Amino acid sequence: MERQKNTFSWKIGGEAGFGIMASGTIFAKTCLRAGLQIFDYSEYPSLIRGGHNTYQVYVAPQPVRAWRAAVNILVALNRETVDQHLAEVSPGGAVVFDPGEYSFRDFRPAALGRDDIRWHPVSLGQISVDHGGELYMRNTVALGATFALLSVNFSFPAAVVKDLFMAKGQAVVDLNLALLRAGYQAIDSEAARHFPWDLDPLPSPEPPLYLAGNEAIALGALQAGCKFYAAYPMTPSSTILHFLAEHGPTYGMVVRHAEDEIGVINETIGAAYAGVRAMCGTAGGGFSLMTEAVGLAGMTEVGVVIIEAQRGGPSTGLPTWTEQADLRQVLHASQGDFLKIVLAPGDVEECFELTQLAFDLAERYQTPIIIMTDKYLAESHVGVPRFRTVLPVDRGLVRRSEELPPGDRFRRYDPAADGVAPRTLPGTPGGLFVANSDEHDRYGFSEEGVANRLAQMNRRARKEAMVLRGLPHPTLVGPAKADLTIVSWGSTKGVVSEARAILTQRYHLQTNHLHLWLVNPFPATAVDTLLSRARTTVMVEGNQSGQMAGWIRQHTGRQFDHHLRQYDGRPFEPEKLAGQLQALIR
Amino acid sequence: MTIDPSTHRAETSNVPTWCPGCGNFALWSALNHVLAVTNIAPHQAAVVFDIGCSGNGANWVKAYCFHGLHGRAVPLATGIALANHRLKTIVISGDGAAYGEGLGHFLHAIRSNPDLTYIVENNQLYALTKGQASPTSAEGFKTVSTPTGVTDEPLNPIALAISADCSYVARGFAGDLPHLEGLIQGALAHRGFAFIDVFQPCVTFNRLNTFAWFYERIRKLDELGHDPSDRPSAWQRAVSANDDLPIGLFYRAERPTLQDRLPVLRPGPLVDQPLTVDLSRLYEGLS
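For the protein sequence lines, the chains are A and B, in the order given. For the first sequence, numbering that gives the first Met the number 0 assigns the number 0 to the initial residue and increments by one for each residue that follows. For the second sequence, numbering that gives the first Met the number 0 assigns the number 0 to the initial residue and increments by one for each residue that follows.
These aren't lab readings, by the way, just hints derived from the structure by calculation. For clarity, every value in this text was computed on a predicted model and none was experimentally measured. Any given hint could be a false lead.
Beta-carbon label-pair distances, calculated as ranges [said to hold, decoys possible]:
1. B/N13 <-> A/Q553: 38 to 46 Å
2. B/P273 <-> A/S45: 35 to 43 Å
3. B/A252 <-> A/Q553: 54 to 62 Å
4. B/W234 <-> A/P404: 48 to 56 Å
5. B/N13 <-> A/L467: 36 to 44 Å
A virtual CB, placed ideally from N, CA and C, is assigned to each residue, including glycine.
Build the full structure now, drawing on both the sequences and the hints.
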């Protein structure tokens with residue numbers, strides 16, 4: 000078999016608490032520093048210890064936009080990993096395992112009926128103990144072994160391990176390096192020479208950032224000058240809180256882990272009202288609790304940014320798995336008619352850019368902005384170049400004291416304004432107004448009269464058209480004439496692009512793709528025009544009922560020819576999706 | 000004490016809709032007067048109101064007023080007080096909001112001790128929704144929602160606050176304006192979460208806890224020789240089984256405020272900090 004250079008999929012599996020995540024990080028970062036591109040994906044149950052964890056990394060020389068289900072190299076820290084994932088291992092794939100590990104007693108690979116698999120028994124636990132480690136540190140030995148099989152120079156993983164453990168002291172660094180090296184040396188050169196995959200470092204001008212969607216959102220918020228972040232822990236949004244709690248204060252940010260999601264969003268609204276850029280984050284369940292306050296922000300016209308990271312629902316649902324089934328709850332959150340701007344970034348770069356944009360929209364249009372991600376986007380890492388896109392800050396209409404007419408009270412909610420009325424910040428002399436959850440008059444005083452009600456409702460409603468005028472229209476990627484027009488929203492973007500590439504390369508099929516990153520206000524005219532030109536249409540979305548397909552139909556009257564929906568907690572996968580799409584074209 | 004009309008900060012064009020004789024007038028007057036005599040200009044105060052009769056006061060206080068959601072005034076105010084700690088932040092709530100819907104926020108605010116004042120207008124029922132029982136209604140109290148009488152024990156907010164180590168715990172009475180003003184003045188001067196529960200008879204729906212009923216039972220703590228730094232004694236007076244209802248400052252302690260514990264706030268209020276940041280050092284650690 001010919002050796003494949005730099006394109007392979009690696010997966011490690013084992014019990015929760017056995018360093019699966021750390022191993023995955025080290026593997027992915029090593030590949031990045033070797034000048035390659037990665038897309039990683041982890042699966043874990045909602046448990047601290049026990050349960051089955053996996054981490055897989057797809058590696059390629061060109062940018063990778065989605066995970067791959069097929070595995071070339073499987074590192075099995077326990078028997079369960081083989082039992083659960085052997086079917087994923089590609090023909091001719093390799094399995095590294097520890098014959099000395101308890102669960103592998105009586106393990107006979109020959110009995111599994113996979114003659115094509117290359118089995119690499121390495122006494123991971125014993126090697127760990129022999130080199131001063133503990134049994135549970137076998138993951139580091141396993142990493143060393145796989146890097147040896149991939150024939151990559153030891154200096155690459157060693158540098159990553161050193162950086163990762165530096166904060167824990169030299170002794171920890173030394174021990175981990177010793178275990179890594181011992182694993183590396185446990186593979187004889189003959190085995191490495193015949194191994195089908197190679198990691199051959201490419202020159203890299205600047206090491207890329209190793210980021211998941213959540214970190215990109217956190218960076219986008221910092222870049223936008225967000226000074227207040229509040230959250231209550233909930234998978235898959237928690238790593239935004241962790242990242243900002245660690246790094247936010249350096250950039251002048253107050254980070255609050257408040258008592259519950261209701262406290263979280265009310266604090267965020269208070270901070271934004273007082274004049275700072277403020278954000279909160281949660282998952283679907285926490286957003287349910289925030290719902291009433293989303294309406295408060297709409298009514299008082301306080302621009303806040305809310306991150307809604309979806310997981311499998313309903314209720315506690317699938318806490319650590321992915322889904323796109325919160326769309327309707329977000330669109331319809333809170334009673335009454337008011338504008339929510341809903342954005343759905345499709346990848347890590349869009350997470351960074353749309354979060355920055357969200358703060359401008361929040362302050363320009365004075366209304367809640369919700370950014371929807373999901374577990375797959377929020378927690379899957381890629382390598383990206385350092386972000387260069389820095390949006391100029393637009394704080395919208397803010398009046399300083401010297402710009403105000405005489406008198407104490409300010410017409411904060413002037414119905415004559417074109418949708419958005421200028422605001423003052425508390426502390427501004429002469430700028431008093433009431434921020435009022437009741438319907439209110441131009442000063443914010445409670446007012447239930449018909450003329451005022453209609454004037455205020457109609458003024459607020461004018462924002463919607465303003466937002467649409469101010470944002471770029473959605474565009475088709477791919478040829479104008481195509482056999483199939485694929486529509487997706489949010490995190491499915493990357494999977495669709497990879498599936499399209501497969502369709503073109505393997506089957507010479509022409510498709511184009513509409514990724515909807517602006518969900519509300521809905522760009523109906525543009526979408527209608529694009530769909531009107533399509534030969535055959537398919538909506539690809541991660542929920543059972545076709546929530547986005549219905550939203551598009553509501554706004555355009557158009558129905559899709561085909562629907563591909565997934566709601567098993569797993570993300571769409573490029574190879575599988577390409578097959579499903581190909582079947583639609585024939 | 001008489002109030003100098005020139006210091007009264009009511010809106011002349013906007014007249015309170017509270018029932019004649021409502022206890023809310025007393026707090027309104029006391030707050031307006033204290034803000035005036037302590038030289039807090041209208042634009043320097045952020046007053047966050049809950050929902051209910053007390054909440055309607057948002058329309059009649061001259062300050063940056065926020066009329067929020069039921070039970071959620073405290074976190075709203077905490078956000079304001081963190082974003083701009085130069086503002087004097089005050090929360091006005093009712094007993095339904097404070098001790099029913101928003102009880103969790105109350106306890107957690109006591110824990111984090113943000114520098115703000117929390118005044119609860121406690122009329123022992125829900126007034127704006129027409130007289131249902133509240134968490135502080137007496138056991139057996141008959142209302143439209145409890146026609147055979149309240150079955151639950153009333154909550155003791157003073158004991159609750161002392162047990163959680165709230166840094167300023169006081170009780171006022173709408174029938175004694177100068178005394179109430181003193182408590183508010185003390186709360187505004189206190190660094191930390193200052194809590195005042197105010198007996199505030201509802202003249203329309205509460206025929207049990209009337210002004211006359213309170214006058215018979217009210218005792219002033221400072222006349223009883225109470226030492227507000229003595230927490231066990233404060234607890235004893237809060238849970239005392241006799242019919243007397245002590246008012247005044249139960250407990251006060253110096254504790255670091257939430258703002259004190261955030262080094263980010265030392266250079267000045269968040270709202271004044273520059274938005275431009277350079278993330279290049281952060282990027283270095285992410286590859």
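Results for each hint:
1. Distance hint check for B/N13 and A/Q553: the Cβ-Cβ separation is about 42 Å, which falls inside the suggested range of 38 to 46 Å.
2. The given range of 35 to 43 Å is respected by B/P273 and A/S45, whose C-beta atoms sit roughly 41 Å from each other.
3. The supplied range of 54 to 62 Å is met by B/A252 and A/Q553, whose beta-carbon atoms lie about 57 Å from each other.
4. Checking the proposed 48 to 56 Å range against B/W234 and A/P404 shows it holds: the Cβ atoms sit about 53 Å from each other.
5. One distance hint, 36 to 44 Å for the beta-carbon pair B/N13 and A/L467, holds here, with the actual separation near 37 Å.
Of the numbered hints stated above, none is contradicted by the structure.
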